[in-house]
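Use these hints to put chain B onto chain A, whose structure you have.
Protein sequences appear in the order of chains A and B.
Sequential numbering from 1 applies to the first sequence in the numbering used here.
Sequential numbering from 1001 applies to the second sequence in the numbering used here.
These aren't lab readings, by the way, just hints derived from the structure by calculation.
Treat the hints with care, as some may be off.
[Unchecked claim] Just the calculated beta-carbon pair ranges, DEER-fashion:
hint : chain 1 : residue 1 : chain 2 : residue 2 : range
1    : A       : 58        : B       : 1154      : 36 to 46 angstroms
2    : B       : 1154      : A       : 72        : 45 to 55 angstroms
3    : A       : 144       : B       : 1370      : 23 to 33 angstroms
4    : B       : 1069      : A       : 89        : 46 to 56 angstroms
5    : A       : 85        : B       : 1220      : 45 to 55 angstroms
6    : B       : 1019      : A       : 1         : 47 to 57 angstroms
7    : A       : 85        : B       : 1154      : 40 to 50 angstroms
8    : A       : 146       : B       : 1103      : 30 to 40 angstroms
9    : A       : 143       : B       : 1370      : 46 to 56 angstroms
10   : B       : 1162      : A       : 257       : 58 to 68 angstroms
11   : A       : 56        : B       : 1257      : 29 to 39 angstroms
The beta carbon of each residue, even a glycine, is placed where N, CA and C say it ideally should be.
Protein chains: 2
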Amino acid sequence: MKKSDIQGFLKKESEIDRESHVIFEYIFETLLDPLEAAAHLCQETSTAQWKRPGVEEDFRPQYAAKVISLDVLDKSSISAFYTNAEGVSSYLRVKVRIAHPYHNFGTAIPNLLTVAMGEGAFFSHGITAIKLIDIEFPSAYLADFQGPAFGVGGLRKILNVHDRPMFFGVVKPNVGLDPESFTKLAYESWLGGLDVAKDDEMLADPDYSPFKRRVELVGRARKKAEEKTGEPKAFIANITGEVDDLLRLHDIAVENDVNMVMVNVLAIGLSAVRMLRKNASVPIVAHFDCIAPMTMHPWFGVGSKVMTKLQRLAGCDAIIMPGFGERMKTPDDEVLDNVSECTKPLSNILSSLPVPGGSDWAGSLPSMYEKIKNIDFAMVPGRGVFGHPAGPRAGAMSLRQAWEAIKGGISLEDHSIDHPELLAALKTF
Amino acid sequence: MKKSDIQGFLKKESEIDRESHVIFEYIFETLLDPLEAAAHLCQETSTAQWKRPGVEEDFRPQYAAKVISLDVLDKSSISAFYTNAEGVSSYLRVKVRIAHPYHNFGTAIPNLLTVAMGEGAFFSHGITAIKLIDIEFPSAYLADFQGPAFGVGGLRKILNVHDRPMFFGVVKPNVGLDPESFTKLAYESWLGGLDVAKDDEMLADPDYSPFKRRVELVGRARKKAEEKTGEPKAFIANITGEVDDLLRLHDIAVENDVNMVMVNVLAIGLSAVRMLRKNASVPIVAHFDCIAPMTMHPWFGVGSKVMTKLQRLAGCDAIIMPGFGERMKTPDDEVLDNVSECTKPLSNILSSLPVPGGSDWAGSLPSMYEKIKNIDFAMVPGRGVFGHPAGPRAGAMSLRQAWEAIKGGISLEDHSIDHPELLAALKTF
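Pulled out of the complex, with its shape left as it was, chain A reads as follows (with noise of 0.2 angstroms):
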């Protein structure tokens, strides 16, 4: 690239007008020149070839995306991928926030998607590694998107809950069980206190567990657990499937009185999501499987907190993700940032509850609660409520009695004292 080629990709951060534009952010390592390679990244990303040839013209100026800052980061010795180029010993890394006009791609998800993440991006020349890490968007951009139907106010309605986090609950075992057993599981785990039960991400309409059949007796046993306990509960049906069938599976969840329904998001898409929201009737829950590709690399690919705002705007109400803990391989800082783009301030979307999942129990409330230092998130245990070794009515006590420890300021060892169901999840998880 000239360098007066470079001048077109070229802008200063306060003559950018920011209704007009999204923000793209990446980190990422070069060889070349930084600046050159970001405008190699501008130009890849949108005007490729800016003119005719033997026409006089530049659609830069209108069309192109721009950078507008650009800091180098630090240097390393090895590359994202190991291969380092023959003899090179040291790859700079830099940050970058581009501002490109959105006139160009417009508010459909996968296109703008195609744009933040498609081939421009990842095959910049010069630019050995990428990752996508931000995405802010103008006001104007996103009063075209619906964004959560319920949000964390919406479910705390439909719960009765107002004054704590949420428990919810995945059923387990699942894979193998018949649907009559399934239903005893979670209707068990209501009565200890659970507010919602779950299907797994992988049960979906398997012969041993028909999904029509299993909502029928989910659905039954949830208003009896409702009636039993004075309680509202929910059940949420994974109606995870072809994009064609998933009204469908809405449906058929909603007419039998399953009240939440849950998507694996990037196994259907998110613009799948985005079409569920806008027929659905009730909350929709978006689980993480299939982001971790994208997402787990610290220097290529794209940040999760990208993907968890994409969630929000393409309307789930609550976000399962990767929690706190060494199991889900995702650092503190990572996680909390995750739950802060469910919540924060964002023009007019609505927020969505930020569910950390992950090998979680009674035991790791008072931690969680701590970090994320307020009650609008839920916890998603398996084993800790349905491994419990008194069953899954103990196993949701123990959560509720944690929460009980957490509120009177006293340990949970303490607590567990006279609350027998506390007192054996200590000891077993």
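Here is chain B on its own, set in the frame of chain A:
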């Protein structure tokens, strides 16, 4: 995991009923005993909790995924994510084949993806990084898939091209160009010998080039070019947009004599492609946007071969993929693997046309043909046609001239002596 529990996730390959299992092949890195790590992987992707507390039962024999082979490949002194665990200087790298009874998840693509690359696979205990590198499907599983409606044979019939590769071209410039000028460029390229002109993957339905207006003009020009040249011509309209808008865009294209449609596969989601396939009346062309963030890292994510296979199953008649050459950051053998995934026998599924793309022009045709070793592919230049100094007609002519040279067994240089379009291409690109 107890030693006795590991056994529940192992089986000899010869004891597996191939028609009832899908086989997932992964490479991963671990600090554990590799067999234990592989057993965890099976557990997490199938019967995570295989019994109810207090009930004597074991779902593993019928429902667990099983390790059927394991090879230790090598050791790496650095983890795929750089961040070695404290004091660790070596990770084992392992290849494993896992047989999964597919009655667990069925033949809906999102449920397959959930198992293959979901939470279970990417958050499995003791596995510090993992890559899904292949999936093998039995014919009973494939029988549920439609695959491409046209395939390579169908595309050849439509284009009446039987004895050479097909010549596609991306109209450039596109971002910022009005539909009238765009159409003129496409028309010129057809007259010069291009079989197929196409929208850029970033060009959808912007104000400066409304989809409907563009396909009206370009559909009409396509018919005119057919009359003028006596050859069938195709235009590929990019219908990438929200999932619930795909069929409307498809219909607008087809009503306006546009005879192929393109989708950015992972931007809309594989399942949406399958839905489109059931409803489309013209060939579906896939573009690789948003795949690279999952596939580029050698030891993490998902193999590009897997994504190619899934695109074929979903029903893509042509698959544009990262091609040869440094710019596309893809080793030649990986490109060739993907080419082969498009065309190799796959039960009842028709072949897809492989279209390796990226900075091609007349001069890259000989080596492309030499590497692929047969004519069942298309090339898809952008600038190589539309950036030709004498315009797109000359650019398209230079491709056909390059093919004449190859068939005549002479060098492009020699052939260019009395073919000025080829000569100009050789001088420019």
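| message | Hint by hint, where does the structure go against what was stated? Just the numbers, ascending. | response | 3, 4
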